[in-house]
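In order, the protein sequence lines correspond to chains R and W. Under my numbering, the first residue of the first sequence carries the number 86, and numbering increases by one thereafter. Under my numbering, the first residue of the second sequence carries the number 86, and numbering increases by one thereafter.
Think of the hints as simulated: they come from the structure by calculation, not from any bench. Keep in mind the model is a prediction, meaning the values are calculated, not measured. Watch out, some of these pointers could steer you wrong.
Simulated restraints, written as ranges between beta carbons of each label pair [claimed, not checked]:
(1) R:Arg370 - W:Glu209: 16 to 26 Å
(2) W:Gly260 - R:Val129: 46 to 56 Å
(3) W:Tyr259 - R:Asp130: 44 to 54 Å
(4) R:Ser386 - W:Ser359: 26 to 36 Å
(5) W:Tyr259 - R:Gln298: 42 to 52 Å
(6) W:Glu367 - R:Ser382: 28 to 38 Å
(7) R:Val129 - W:Pro208: 24 to 34 Å
(8) R:Leu225 - W:Arg183: 35 to 45 Å
All residues carry an ideal CB built from backbone N, CA and C; glycine is no exception.
Number of protein chains: 2
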Amino acid sequence: MADHYDSYRGKRVLITGGAGFVGSNLAHRLVALGAGVLVVDSLVDDYGGNLFNLSGVDDQVRVNIADVRDQHGMNYLVRGQDIIFNLAGQVSHIDSMRDPHTDLDINCRAQLSLLEACRRNNPEVKVVYASTTQIYGKALSLPVTEAMIRHPIDVNGINTMAGEEYHTVYSNVYGMRAGSIRLTRTYGPRMLVRHNRQTALGWFVRQAIDDEQIQVFDGTQKRDYTYIDDVVEAFLIAGESEAINGRVFNLGGTRPVALLELIDTLTRVAGSGSYTVVPFPEERRRIDIGDFYTDYSLISSTLGWRPTVELEDGLRQTVEYYHKFKAHYW
Amino acid sequence: MADHYDSYRGKRVLITGGAGFVGSNLAHRLVALGAGVLVVDSLVDDYGGNLFNLSGVDDQVRVNIADVRDQHGMNYLVRGQDIIFNLAGQVSHIDSMRDPHTDLDINCRAQLSLLEACRRNNPEVKVVYASTTQIYGKALSLPVTEAMIRHPIDVNGINTMAGEEYHTVYSNVYGMRAGSIRLTRTYGPRMLVRHNRQTALGWFVRQAIDDEQIQVFDGTQKRDYTYIDDVVEAFLIAGESEAINGRVFNLGGTRPVALLELIDTLTRVAGSGSYTVVPFPEERRRIDIGDFYTDYSLISSTLGWRPTVELEDGLRQTVEYYHKFKAHYW
Numbered sequence: 086m087a088d089h090y091d092s093y094r095g096k097r098v099l100i101t102g103g104a105g106f107v108g109s110n111l112a113h114r115l116v117a118l119g120a121g122v123l124v125v126d127s128l129v130d131d132y133g134g135n136l137f138n139l140s141g142v143d144d145q146v147r148v149n150i151a152d153v154r155d156q157h158g159m160n161y162l163v164r165g166q167d168i169i170f171n172l173a174g175q176v177s178h179i180d181s182m183r184d185p186h187t188d189l190d191i192n193c194r195a196q197l198s199l200l201e202a203c204r205r206n207n208p209e210v211k212v213v214y215a216s217t218t219q220i221y222g223k224a225l226s227l228p229v230t231e232a233m234i235r236h237p238i239d240v241n242g243i244n245t246m247a248g249e250e251y252h253t254v255y256s257n258v259y260g261m262r263a264g265s266i267r268l269t270r271t272y273g274p275r276m277l278v279r280h281n282r283q284t285a286l287g288w289f290v291r292q293a294i295d296d297e298q299i300q301v302f303d304g305t306q307k308r309d310y311t312y313i314d315d316v317v318e319a320f321l322i323a324g325e326s327e328a329i330n331g332r333v334f335n336l337g338g339t340r341p342v343a344l345l346e347l348i349d350t351l352t353r354v355a356g357s358g359s360y361t362v363v364p365f366p367e368e369r370r371r372i373d374i375g376d377f378y379t380d381y382s383l384i385s386s387t388l389g390w391r392p393t394v395e396l397e398d399g400l401r402q403t404v405e406y407y408h409k410f411k412a413h414y415w
Numbered sequence: 086m087a088d089h090y091d092s093y094r095g096k097r098v099l100i101t102g103g104a105g106f107v108g109s110n111l112a113h114r115l116v117a118l119g120a121g122v123l124v125v126d127s128l129v130d131d132y133g134g135n136l137f138n139l140s141g142v143d144d145q146v147r148v149n150i151a152d153v154r155d156q157h158g159m160n161y162l163v164r165g166q167d168i169i170f171n172l173a174g175q176v177s178h179i180d181s182m183r184d185p186h187t188d189l190d191i192n193c194r195a196q197l198s199l200l201e202a203c204r205r206n207n208p209e210v211k212v213v214y215a216s217t218t219q220i221y222g223k224a225l226s227l228p229v230t231e232a233m234i235r236h237p238i239d240v241n242g243i244n245t246m247a248g249e250e251y252h253t254v255y256s257n258v259y260g261m262r263a264g265s266i267r268l269t270r271t272y273g274p275r276m277l278v279r280h281n282r283q284t285a286l287g288w289f290v291r292q293a294i295d296d297e298q299i300q301v302f303d304g305t306q307k308r309d310y311t312y313i314d315d316v317v318e319a320f321l322i323a324g325e326s327e328a329i330n331g332r333v334f335n336l337g338g339t340r341p342v343a344l345l346e347l348i349d350t351l352t353r354v355a356g357s358g359s360y361t362v363v364p365f366p367e368e369r370r371r372i373d374i375g376d377f378y379t380d381y382s383l384i385s386s387t388l389g390w391r392p393t394v395e396l397e398d399g400l401r402q403t404v405e406y407y408h409k410f411k412a413h414y415w
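Produce the entire structure from the sequences given, and follow the hints as far as they go.
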């Protein structure tokens, strides 16, 4: 633990979506660093919020069940906070096409509400927004830098792009201390594995552990996968940096990995599961982006962050977690 | 009138925002071309909808007062249409910062509702969305091409960018015939001159005609101004082109014009009004973008469009219109 994390001791930190995958892992780290953590989560069915994710720190975090779409509730909850890690979101691409209005409410309207709540009730608060590299759409060149033009390929990408831009504009126009980091495909303990609409990777983990045959669509597509501990580290660094205000930074993985290598490694470390390559279903092909991995040199040079956990190590820790706590996630 | 506009004869055309500046001018042209025009407009106070704009074609267009935010109404209204010119919007940058949620409802939610209405009730319809070059934010290089990264500088720009991207995604994912054109600063008869929150230019026209002293902020900033007839032409070309589906095209002006030249020309052709240069008010400086003009070569090479009306001619026609019909606009 680096010295500069001492700055979290005694800090009041709000995590929206704090019972979800990334939020709960962040909550565990913040408790260890001595922060006072308030988790806000609506526990919407299927979105990934799971109170078991907070198991072990239950008595050290304050959990407030609330929906970030509720402007009145947020007006109250943001008061007195030093830092807000803004992670609440609907992240299923499939769901965003089936119900675009709900995606809009959560990923656009709620972001505006949160920023308005801060502007009016706590204008000095630090806000770090969890955006995603999926807002770029297809890669026009590889690796993808922050200077690449964004053309999201689904409603979720569009709305997340808007949510991110609100943070930039509120920083530039109102001088708020808000900025964004763009997550790649993040994996690790506490990720949602209950259904396959949020991340394919979570579903693969479940299938491997259940000793099922995994269907791989194509398999040659290269992506970057970031282990959860590296993502948590990025949030911690961003939360104490003034250099992120009004800006956005790509995260990335240690190296681009082909889907087939991912599945092969996963089934090997799990010691169960198999795989077969199948053609792309039409619904998914239309919103697939092919090869995609980022250039994360901007956050490296600005904030000193880089991914450190190799795929095999990350997958091993992930599988171990679910072997142990399967009952709470299946 | 080019031959290919014969294709509009007998066509059923819906114009959202059809009582507004661009929509009403488009309605006049479409009636002259023999189209059956349905105007949908909510006549929200201050947004620019004005039934006098349809004076002269009142008995030839069908006017349906409705809000594009009303999903049920739109489900019905889109049926049986051949082409939808989708122009309804909140376009005041100042208002978008004062009331970001209303801007979101109109520029994001209503666009999703319209596209969903079409997808479910009229999937073959052609949709042309009126976007704006203001979604780019500051110009990183001049002239601005469609390949330039967009970082809107206010909530209105973010939401309009999302509205545009929905059209692209619905075209790419569902095969809908939807595309967008990005308007620059458009001027001409029937523009809103009642207040100064929507366009500075409309307000300048009013001040010149009222023989007032115009306050020019800075004055050296170069912009592109497109005369309304050129914009209407772009919509007519786009409405009959399959090449716009899933794509976006910049419009532009005949040449970049410094603000001081604009004001000088305006007061000269009006024969009234004067001007003085003043410092930027803080609220506006923060959302000002400096020099900004586009490269419109993509729409020129793809659709054969180019601006033809020079500033002085356009301003003269604008001033003549308001001299004549001032009572309906002041």
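(message) Of the numbered hints stated earlier in the document, which are not met by this structure?
(response) 2, 3, 4 and 5
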